[in-house]
Amino acid sequence: MINEFSREEYLLKGNAACAGCGPALALRYVLKALGSRTVLVIPASCSSIIAGAYPKSALKVPVYHIAFAASAATASGLVEGLEAQGIEANVVVWAGDGGTVDIGLQGLSGAAERNHNITYICYDNEAYMNTGIQRSGATPYGAWTTTTPLGNKGRKKDLPFIMAAHNIPYVATASPAFPKDLVNKVAKAQKIRGFKYIHILAPCPTGWRYDPRLTVKIARLAVMTGFWPLLEIEHGRLRLNSPSVNLLDPARRRPLKEYLELQGRYRHLSEEDLKVLQRQIDEQWARIKAMLEVQEELEDQVEQGQGERQH
Amino acid sequence: MREFLTGNYAAAYGVKLSRVEVVSAYPITPQTSVIEKISEFVEKGELKAKLIRVESEHSAMAAVIGAAFSGARAYTATSAQGLLYMYEMIWWAAGSRVPIVAGIVTRAIAPPWSIWTDHSDFMTLRDAGWAMLFASSAQEVLDMTIQAFKLAEELMLPVAVGWDAFITSHTAEPVEVPPQEQVDYFLGEKKKSPVAVDFENPFAHGALAFPKDYPKFREDIHRTLKAAGEVYSNIERRYCEATGHECYGLVEEVFCEDADAVMFIMGAAAGDAIHAAGELRRKGLHVGVARIRSIRPFPRKEVEKIARRASKVIVFDRSYSLGFGGVLATEVRSVLHEEGVDTPVISVTGGLGGSDLPPEYFEKIFLKGLGV
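Residue numbers (this note's numbering), protein chains in the order written: chain A, -6 to 304; chain B, 45 to 416.
Where hints are given, some of them may not hold.
Restricting the straight-line Cα-Cα distance to at most 25 Å, the calculated cross-link-like pairs of lysine-lysine (DSS-like) are [unchecked claim]:
1. Lys256(B) to Lys234(B)
2. Lys53(A) to Lys236(B)
3. Lys236(B) to Lys49(A)
4. Lys210(A) to Lys6(A)
5. Lys49(A) to Lys234(B)
Don't read these hints as lab results, they were simulated from the structure.
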């Protein structure tokens, strides 16, 4: 458990992030957890810009910018090449939601199935922000984007569980509003051999239409309302993290409205839309609850089975 | 050591002898047996390489680019649709200056589906910043694959080695496999790549370049590739000195010295064209064949010299720039125009989708070229 963050800064001052950028905040923590022996692979995304223009770099670790769909495969080659030469390093993909849940999904799925020793981190700002706020597969129901001017009709793709279905050793969700949780998850992932997937919900003041000073507050509300549960799936075992662990009881979740009303992208939301979104969140929690119960039952059965065999 | 090898197996031997460290590929006919043979080498422990069996060609090219970023020697192979599917990464490879080698077992592009050879897929590499070599026998596939790694590491650019589906890829021929020591001596120490990861002096690679910076990246590739003819010729010569194998240069000339009509051609069909030229020579007609072995760098000097001596130039293309004409013919014409050579050029396109090219076909073309 890490209680003190590294004082080293790897995301340097003067980088090109917008004021209040959630992804930049998350990246700062992530790199503190990873340290200098890290190589980043960054597909087309806001981070292609945040990382700085040639010949400068806003990052104090080696960075390879790569084509939109190519990050997981490039990291696969990078880590295998390093291993072939006996070089130890953290190979880390830092990709946006579009590059992960949409165009990069095939490559990501392949790399996960092959179980390369990579940490793949998706910073999810829920739309194509770098190109000007177009809808992605990670955009939630009801959210305004420039390509869903009347609100998104689709439902946010549940990538953490899609990745868990690949039976990789580690899957986690995180938030920049809970930096200790985030840093510990990255540090844990670093120690596990194989493919690790971390999905960070990272608020974007530009695209979500809110005052940049509210980033941490909004990120926290996403968790506290139950919109974004903090969880880990380690070697197949699901676990809720604090504070989400207390939110299995709906009564303990903050009203969803508190999260939505701070964001211009939800301004047009009708009462009906709000109900749809609330129902999706309730379903998500019902599923998590059921999974935890089934998991416990199965574990009991296995334990009993082992006990019986021993007798 | 003499082995009986198909072109695809010869490529796999070339990869093994070059001590490649990472291989990544996705299966497509007729490329498959290249990777199958490499898999066998890896699993038997004869080649100490990481084999990444990716889920697509886009990922195959991305993976070998990534491997090159680690400083490893990397190889992939593909054909037709596979090459088109990896096309975005083809350009990324050249722009990244990674010294990777790709085998291109040429196959016609669909639709309609075809698994047989023509050069339309290979020719899509033409403007992408790759060095492009083309073999016409299994022996040449092996030799060129090894030479390609040296060339790639000299230029810090990716190199494609092409050969024809089935005619070369699946036809077994006696192949002289050089001993490992000879190849080790020829390749020498792997050259340190300036784009390989460096934790002590971290840099960002491929970052956004503003208009004032962008052009120099392209111009540098252009200059490097334009001047690569001599680089390749020297590499080939050193290879032949090390192994005792035959040296051809960028263009193999057969009966060209005194030829009235010379045919430029690339790939396996050159053998049939040479056969046809021999037949016509027996009848007293002075015809020759100039087999192009490198598209990039383009053999400007050789083409100029050969065309200047001849009274008629025929360029045989196994691909189209659809709506314009033969790609090689266009390039030959362009060089001759720039060099002030006024030998007339006839462009012929044929052999598409594996359609047969017997010697009689080439005889007819020669006769037409001679106006007989």
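Consistency of the hints with the structure:
Of the supplied pair hints, the one linking Lys256(B) and Lys234(B) is violated, its CA atoms being roughly 33 Å apart against a limit of 25 Å. A threshold of 25 Å between alpha carbons decides the hint, and for Lys53(A) with Lys236(B) the separation of about 22 Å falls inside it, so the pair holds. About 23 Å separates the Cα atoms of Lys236(B) and Lys49(A), which keeps this hinted pair within 25 Å; it holds. Of the pairs offered as hints, the one joining Lys210(A) and Lys6(A) holds, with about 23 Å between alpha carbons and a cut-off of 25 Å not exceeded.
About 29 Å separates the Cα atoms of Lys49(A) and Lys234(B), which puts this hinted pair outside 25 Å; it is violated.
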